[in-house]
Amino acid sequence: KQEVTQIPAALSVPEGENLVLNCSFTDSAIYNLQWFRQDPGKGLTSLLLIQSSQREQTSGRLNASLDKSSGRSTLYIAASQPGDSATYLCAVHLGSNYKLTFGKGTLLTVNP
Amino acid sequence: NAGVTQTPKFQVLKTGQSMTLQCAQDMNHNSMYWYRQDPGMGLRLIYYSASEGTTDKGEVPNGYNVSRLNKREFSLRLESAAPSQTSVYFCASSQGSSGNTIYFGEGSWLTVV
Chain F
1 KQEVTQIPAA LSVPEGENLV LNCSFTDSAI YNLQWFRQDP GKGLTSLLLI QSSQREQTSG
61 RLNASLDKSS GRSTLYIAAS QPGDSATYLC AVHLGSNYKL TFGKGTLLTV NP
Chain P
1 NAGVTQTPKF QVLKTGQSMT LQCAQDMNHN SMYWYRQDPG MGLRLIYYSA SEGTTDKGEV
61 PNGYNVSRLN KREFSLRLES AAPSQTSVYF CASSQGSSGN TIYFGEGSWL TVV
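First to last, the sequence lines map onto chains F and P. Read left to right, the first sequence gives residues 1 to 112 (the working numbering). Read left to right, the second sequence gives residues 1 to 113 (the working numbering).
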């Protein structure tokens, strides 16, 4: 059974700091991995989608990497801003069905 | 851009009552999903519909039924609500089954007393 773990569960940083969020998964035979952002009381917004054949994806100040062999992904946020405060979730897709397995998320607070 | 729209946003039910959560997407997506999100449990898939006319069970289907009314709409029904079904429910859609970005609705907060 695929398990997805996100560490840390919560992170507080000062504005302007570069930071890394971690995601690990137990079954390396994934089809893709997605990073999402969830604001309080809102739905999830997809940030980056990395296919199993890719090593990284970038969007603006966000960079996500994928190392299938070690079962790890990182989300790098450059020059953090208070508006980045949210819960960040990663999810993996095994590809054999339609089921995404989610981690429990990292609650990020960026302090002005 | 509406994306994925869910109704209602908030609902309080008494144990044993029934209700239907409605979901519609305007992105012409083939696949639609219902998830529930609970503290400490993360997001779990209840049911999904790979394409119009098909539905399949996810991880936690007990106590729920779904209907893929057409390509746009996918409803979730609680026939006899239980306190254990108190949760936040999210509808989502994607173009295909995998390899595609998944888009979520804003959520429906359901409390069963």
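Please note that a few of the clues may not be correct.
[What the hints assert, rightly or not] 27 Å max Cα-Cα, derived BS3-like pairs, lysine-lysine: (1) F/Lys42 - P/Lys14; (2) F/Lys104 - P/Lys9; (3) P/Lys9 - F/Lys1.
Derived by calculation from the structure, the hints in this document are not laboratory data. These numbers were taken from a predicted model, which means no experiment stands behind them.
Taking the hints in turn, this is what the structure says about them:
no. : hint              : in the structure
1   : F/Lys42 - P/Lys14 : 25 Å, holds
2   : F/Lys104 - P/Lys9 : 23 Å, holds
3   : P/Lys9 - F/Lys1   : 33 Å, violated
The structure does not agree with numbered hint 3 stated previously, though it agrees with all others.
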